[in-house]
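One-letter residues, chain by chain:
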Amino acid sequence: MIIAKQKDMTEIAKMVAPYSRIYVVGCGMCMTYCSAGGPEEVEKLAERLMAGREDLILEKGMIPRQCSEKFIERLEEKTRDFEAILSLGCGNGVQAVAMRFPDKRVLPALDTQFIGIEKESGLWTEMCMACGDCILWRTAGICPVTRCAKGLLNGPCGGSQEGRCEVSNDIPCAWQEIYYGLKRLGILDYLKTEVQIKSWSVRPGRLAREELKPQ
Amino acid sequence: MVTAEIGPGKGTDVGALLEDASILKDRVDGINVTDMQSSVMRLGSMAVCHLLRDMEIDAILQVTCRDRNRLALQSDLLSAWVLGIRNVLALTGDHPTLGDHPQAKPVFDLDSVSLLEVIGKLGAGVDVAGNELKGATGFLAGAVVNPGADTEAALDLQIVKMEKKIKAGAQFFQTQAIYDLDQFEKFMKRVEGYRTKILGGVILLKSAGMARFMNKNVAGVFVPEHLIKEMTETKDKVKTSIEIAARLVKGLKDLCHGVHIMAIGWEKRVPQVLDEAGL
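Residue numbers (our numbering), protein chains in the order written: chain A, 4 to 218; chain B, 33 to 311.
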């Protein structure tokens with residue numbers, strides 16, 4: 004899922020300062036699961052904003068997904084009397100909402116971090132960069148493009164100490180993890196593939212599938 | 033074979049750097065010039081290599097993948113060749129977060145292995161995209177290996193990567209600093225028969241504090257307690273440092289094909305080390 008965290012209140016207050024009628028909306032997908040933009044967070048953020056400003060007319064709500072047009076549609080009616088929408092969606096959600104309401108100010112309440120997992124309660128780690136060319140079958144299900152700080156494809160650099168990355172002790176060396184994974188699976192030979200040079204896909208990404216387009 | 037290393041400084045003043053180079057000149061076979069060592073923004077390796085060439089020193093251009101994508105790396109390699117630089121050491125490079133511009137965007141479009149392959153291609157007259165060159169390079173390409181990798185996994189991976197580097201065109205290796213000759217001997221047994229030349233790395237110990245710092249912070253460097261003790265108890269740190277380095281040089285030259293001395297500011301002491309080691 005996509006992982007995000009709330010911006011600090013100073014920045015949010017600065018963003019919403021010019022507006023007195025604000026609709027605060029959460030997202031029922033990833034943002035709820037990573038505890039950044041679910042019903043509880045919407046509630047708390049609304050309370051804090053109200054506490055700081057007596058002039059504020061604020062309403063709040065949730066939609067199941069902010070990245071889906073059919074759910075964004077539900078905001079049409081609800082946000083009619085509001086100048087600004089404060090979104091607790093990921094960057095994807097904020098943009099989808101902004102695209103639907105070009106005449107309103109759509110503001111991000113969150114900083115989107117990465118595609119990742121909840122490793123333990125209160126700890127999330129990045130797993131995938133959506134690079135467009137998955138090699139996980141060769142690397143024991145561990146992505147060096149994402150989880151190696153240098154994104155190395157041909158083995159580790161010499162910088163790890165006791166299996167930790169040179170960048171931070173909190174990051175395990177992805178290549179050592181790959182080594183242990185391949186060893187466990189009895190396929191260490193996968194380390195000896197020919198030299199890999201990555202072909203970077205053009206960004207912004209665009210995926211077209213003719214068979215799914217309306218005829 | 034003896035190589036040494038100089039590190040360009042921060043700024044345009046090359047006086048002391050070239051003085052160090054001239055001291056090393058008649059005592060070593062080649063001098064590496066580092067590429068923004070420790071990810072600190074400095075004068076570039078290519079320009080300094082060119083200055084060394086003017087002094088008739090065989091320079092070894094260190095090239096990292098930290099700051100340049102495949103276009104810039106290839107272009108720089110062509111430029112280096114045109115400037116008369118004939119040796120390249122291919123490195124992945126430290127992460128920018130370790131240096132003085134930690135907010136910089138890390139590149140790592142290629143890595144040490146793919147860079148070696150690219151060097152080979154430029155030598156064969158084509159670029160990495162397969163386009164023909166009008167005039168090829170002909171570099172002697174080298175790489176690094178860390179024989180003191182601290183876990184079994186890390187050492188196995190170093191050796192797998194070393195094999196890949198040889199296959200990709202590495203004709204020589206310079207190693208991370210070695211302080212434990214027995215451990216290095218075991219490493220050399222594991223890579224016996226590899227078709228390449230290996231120069232054992234030596235870093236001059238300036239103090240016991242430096243040794244402890246490296247043990248804690250430099251990957252793959254381990255200074256044994258008895259050497260730290262020697263440095264602690266000595267009355268003449270420089271003399272002891274030179275003695276230790278000379279012992280290591282003597283030991284290493286029989287185990288592999290030569291030594292690579294990283295004096296890190298003590299370049300002026302290198303001739304004494306070589307004298308004492310009988311080289």
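The reader is advised that the hints may include incorrect statements.
[Said to hold, decoys possible] Straight-line distance between alpha carbons at most 25 Å, and here's what the computed DMTMM-like set of lysine to aspartate or glutamate pairs gives:
hint: 1; chain 1: A; residue 1: LYS201; chain 2: B; residue 2: ASP141
hint: 2; chain 1: A; residue 1: LYS186; chain 2: B; residue 2: ASP182
hint: 3; chain 1: B; residue 1: LYS229; chain 2: B; residue 2: ASP58
hint: 4; chain 1: B; residue 1: LYS137; chain 2: A; residue 2: GLU76
hint: 5; chain 1: A; residue 1: LYS195; chain 2: B; residue 2: ASP141
hint: 6; chain 1: A; residue 1: LYS8; chain 2: B; residue 2: ASP182
hint: 7; chain 1: A; residue 1: LYS8; chain 2: A; residue 2: GLU80
hint: 8; chain 1: B; residue 1: LYS248; chain 2: A; residue 2: GLU197
hint: 9; chain 1: A; residue 1: LYS195; chain 2: B; residue 2: ASP58
hint: 10; chain 1: B; residue 1: LYS153; chain 2: A; residue 2: ASP58
hint: 11; chain 1: B; residue 1: LYS199; chain 2: A; residue 2: GLU197
hint: 12; chain 1: B; residue 1: LYS221; chain 2: A; residue 2: ASP192
hint: 13; chain 1: A; residue 1: LYS63; chain 2: A; residue 2: GLU76
In short, the hints are calculated from the structure, not lab data.
Review point. Of the numbered hints stated previously, which ones are contradicted by the structure, given in increasing order?
Key: When the structure is compared with the hints, numbers 4, 6, 7, 8, 9, 10 turn out to be violated.
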